[in-house]
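Based on the sequences and whatever the hints tell you, model everything.
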Amino acid sequence: MKKRLIYAFCGVLTCAITLQSCEKFLDINKNPNAAENVDPKLLFSYASTSYINLRSSGDLYIPMALGGQSITTGGNNPTGWGIPSEEQYQFSTFSYGNTWRAYYTSVGANLKQAISLAESATPKNNNAAAQCKVLLALVVYEATTVYGDVPFTEAWNTGISYPKFDAQQTVLNGSIALIDEALAQFDDASALKISDYDMFFKGDLAKWKRLAKSVKLRTLMTMVDKDPTKATQIGQMVTEGGLVSSAADNFKVGYQAVTGKKNPKFAINEQYNGGRNFFFGSKYVVDFMRNLSDPRLPKFFTKPVEATDYFGIEPGADGDDKHDVRISNTLQAADAPEVIFTYQEELFYEAEIYTRGLGVGADLTKASTLYKKAVEESCKFNGVDGTTASTFANGLPNLSTVPAPMALINMHHWVDKMDRGLDAFTQWRRSGPEGQEIPNLSLPIGAPAGKLFRRYEYPTTNEISSNPNAPKELVKYNEKMWFDL
1 MKKRLIYAFC GVLTCAITLQ SCEKFLDINK NPNAAENVDP KLLFSYASTS
51 YINLRSSGDL YIPMALGGQS ITTGGNNPTG WGIPSEEQYQ FSTFSYGNTW
101 RAYYTSVGAN LKQAISLAES ATPKNNNAAA QCKVLLALVV YEATTVYGDV
151 PFTEAWNTGI SYPKFDAQQT VLNGSIALID EALAQFDDAS ALKISDYDMF
201 FKGDLAKWKR LAKSVKLRTL MTMVDKDPTK ATQIGQMVTE GGLVSSAADN
251 FKVGYQAVTG KKNPKFAINE QYNGGRNFFF GSKYVVDFMR NLSDPRLPKF
301 FTKPVEATDY FGIEPGADGD DKHDVRISNT LQAADAPEVI FTYQEELFYE
351 AEIYTRGLGV GADLTKASTL YKKAVEESCK FNGVDGTTAS TFANGLPNLS
401 TVPAPMALIN MHHWVDKMDR GLDAFTQWRR SGPEGQEIPN LSLPIGAPAG
451 KLFRRYEYPT TNEISSNPNA PKELVKYNEK MWFDL
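Numbering of the sequence shown is given in the numbering used here, commencing with residue 1 and proceeding in unit increments.
Source of the hints: derived by calculation from the structure; they are not laboratory data.
Careful, some of the hints might be misleading.
For lysine-lysine, the following DSS-like pairs were computed, each having C-alpha atoms within a straight-line distance of at most 27 angstroms [to be verified]:
no. : residue 1 : residue 2
1   : 366       : 226
2   : 373       : 299
3   : 262       : 380
4   : 322       : 303
5   : 207       : 373
6   : 283       : 299
7   : 262       : 303
8   : 303       : 380
9   : 209       : 252
10  : 261       : 207
11  : 207       : 124
12  : 202       : 124
13  : 373       : 252
14  : 299       : 261
15  : 283       : 480
16  : 252       : 380
17  : 472       : 164
18  : 380       : 366
19  : 202       : 380
20  : 451       : 476
21  : 299       : 262
22  : 261       : 380
23  : 299       : 322
24  : 261       : 202
25  : 226       : 451
26  : 124       : 209
27  : 366       : 207
28  : 226       : 164
29  : 252       : 262
30  : 299       : 380
31  : 480       : 451
32  : 451       : 283
33  : 283       : 322
34  : 476       : 164
35  : 209       : 373
36  : 480       : 164
Dropping the structure here:
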């Protein structure tokens, strides 16, 4: 009952947000005069807010983190999330539907309209259009990694009632094309851009361009195992540079510790669990970190006073309040940011590139430097002091001394993203062929016999069920998509 009430609340909240956005968007389409008077920055701001709220919400974050096993429910612990749940692959129709509507309505449609308005303005606002295209590329990337084949080439076109569903490869290439368009469109000589309504970078175009290139690199890295020809572009990008290059480039938005502006991860615990975190540490994360005496442990988790060390639990197992760690309320504080891309993520990709020799010569010495720097930056990002972070990272083994260097990089990369639901889940899926992913996950306790969670199913909503171009056969939650080997 507890979870049903929470989902009802989340559904009402999300629908309210979505309906407001949809109403604005439809009014703009119906009234050309109104469209001429809407500033693209307002649509960009609304889309940005909807986007970060989706990523940290009960509709996307919780199902992806539980299904992907980077956090756990605590089983039947009375103040845990409870089972059966998303951890046992019981996903709410709210999650499927609200996530789809957010990507395509409150976020995607508003960004598409903002691009149109910016490009048709006099004078043309190229920078605003480019900023919107970078964010739209992120949205497109996420939508396809959540659902698989989705509308793209015919999406957000008011002249097409029933857009076709494009193959994932087409969608990912389309996301890259949006980035390329944005990079060509940024105009440093123009004062026109989104600044005060840009909650990410406040109109800093240099940061937007570095982010765009890193987002493109991430997309190529998601594709390269299925399409090895992408290695050439990957090599060119790391050789040319211009990517995210410091923590100052982190793409994130901070929430505020005031009513109505709190991080949803915090708010759900505050409203429904007396401020205690619903979620426990996953053994896959905690055991790995404990064996390294990782200084991020107290930043990620709250250890019971009775516990002798940090202990996670197997997904689906009952959490012991005197033994097992919960997710830290500092990590998920009211003002904790929603994190979309970080410097350490860029470093992990570059370490992988030089380890595998993707478009460059394999160089384990360089890769070791990059992966250690990535871990150091992850530590500092999560509140570990610089000296401790550096000492810990530099004490990690060199990649040339371990039997499976990519396994080590992938594990550290996944741990860094443990609280970024979808991002951790996508990193796990791309870390190796089925059965060889890092970490090597097992079915959660209580999950149906069969394969592991791989995707969201399509929502059974009118916009899909009435679309003759939508997939007709049910695509199950445990079916792999194109990029997922």
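Hints, one by one, checked against the model:
1. Proximity of residue 366 to residue 226 is assessed by CA-CA distance (about 25 angstroms); at most 27 angstroms being required, the pair is judged to hold.
2. Note on residue 373 and residue 299: the hinted pairing holds, with a Cα-Cα distance of about 19 angstroms set against a maximum of 27 angstroms.
3. As the CA atoms of residue 262 and residue 380 are separated by approximately 23 angstroms, the hinted pair is consistent with the 27 angstroms bound.
4. About 9 angstroms separates the Cα atoms of residue 322 and residue 303, which keeps this hinted pair within 27 angstroms; it holds.
5. Only pairs whose Cα atoms come within 27 angstroms are accepted, and residue 207 paired with residue 373 is accepted, the gap being roughly 20 angstroms.
6. Between residue 283 and residue 299, the direct Cα distance comes to roughly 16 angstroms. Compliance with the 27 angstroms bound is thereby established for this hinted pair.
7. For a cut-off of 27 angstroms, the pair hint linking residue 262 to residue 303 stands: about 24 angstroms separates their Cα positions.
8. A threshold of 27 angstroms between alpha carbons decides the hint, and for residue 303 with residue 380 the separation of about 20 angstroms falls inside it, so the pair holds.
9. Of the pairs offered as hints, the one joining residue 209 and residue 252 holds, with about 15 angstroms between alpha carbons and a cut-off of 27 angstroms not exceeded.
10. Restraint check: the Cα-Cα separation between residue 261 and residue 207 comes to about 25 angstroms, which is no more than 27 angstroms; the hinted pair holds.
11. Under the criterion of a C-alpha separation no larger than 27 angstroms, the hint pairing residue 207 with residue 124 is consistent with the structure, at around 21 angstroms.
12. At most 27 angstroms may separate the alpha-carbon atoms for a hinted pair to count; residue 202 and residue 124 meet this at roughly 20 angstroms.
13. Of the supplied pair hints, the one linking residue 373 and residue 252 holds, its CA atoms being roughly 20 angstroms apart against a limit of 27 angstroms.
14. Proximity of residue 299 to residue 261 is assessed by CA-CA distance (about 23 angstroms); at most 27 angstroms being required, the pair is judged to hold.
15. For the hint linking residue 283 to residue 480, the alpha-carbon distance of about 25 angstroms falls within 27 angstroms, and the restraint holds.
16. As the CA atoms of residue 252 and residue 380 are separated by approximately 15 angstroms, the hinted pair is consistent with the 27 angstroms bound.
17. With a CA separation close to 12 angstroms, the supplied pair residue 472 and residue 164 stays within the 27 angstroms bound.
18. Taken as a hint, the residue 380 and residue 366 pair is honoured in the structure, with Cα atoms around 21 angstroms apart against an allowance of 27 angstroms.
19. With a C-alpha separation of about 23 angstroms, the suggested pairing of residue 202 with residue 380 holds against the 27 angstroms cut-off.
20. Taking the CA atoms of residue 451 and residue 476, the gap is near 10 angstroms; set against the 27 angstroms cutoff, the hint holds.
21. Proximity of residue 299 to residue 262 is assessed by CA-CA distance (about 19 angstroms); at most 27 angstroms being required, the pair is judged to hold.
22. For the hint linking residue 261 to residue 380, the alpha-carbon distance of about 25 angstroms falls within 27 angstroms, and the restraint holds.
23. As the CA atoms of residue 299 and residue 322 are separated by approximately 19 angstroms, the hinted pair is consistent with the 27 angstroms bound.
24. Of the supplied pair hints, the one linking residue 261 and residue 202 holds, its CA atoms being roughly 19 angstroms apart against a limit of 27 angstroms.
25. For the hint pairing residue 226 with residue 451, the CA-to-CA distance comes to about 20 angstroms; that is within 27 angstroms, so the pair holds.
26. At most 27 angstroms may separate the alpha-carbon atoms for a hinted pair to count; residue 124 and residue 209 meet this at roughly 19 angstroms.
27. With a C-alpha separation of about 25 angstroms, the suggested pair residue 366 and residue 207 falls inside the 27 angstroms cut-off, and the hint holds.
28. Simply put, residue 226 and residue 164 have alpha-carbon atoms about 23 angstroms apart, close enough for the 27 angstroms limit, and the pair holds.
29. In summary, the hint linking residue 252 to residue 262 is supported, as the alpha carbons are separated by about 15 angstroms, within the 27 angstroms threshold.
30. As the CA atoms of residue 299 and residue 380 are separated by approximately 10 angstroms, the hinted pair is consistent with the 27 angstroms bound.
31. For the hint linking residue 480 to residue 451, the alpha-carbon distance of about 10 angstroms falls within 27 angstroms, and the restraint holds.
32. Restraint check for residue 451 and residue 283: satisfied, since their Cα atoms lie roughly 20 angstroms apart, inside the 27 angstroms limit.
33. Note on residue 283 and residue 322: the hinted pairing holds, with a Cα-Cα distance of about 16 angstroms set against a maximum of 27 angstroms.
34. Using a Cα cut-off of 27 angstroms, the hinted pair residue 476 and residue 164 holds, with the two alpha carbons roughly 20 angstroms apart.
35. A hinted pair counts as satisfied when its Cα atoms are at most 27 angstroms apart, and residue 209 with residue 373 qualifies at roughly 22 angstroms.
36. Note on residue 480 and residue 164: the hinted pairing holds, with a Cα-Cα distance of about 20 angstroms set against a maximum of 27 angstroms.
In summary, this structure violates none of the numbered hints.
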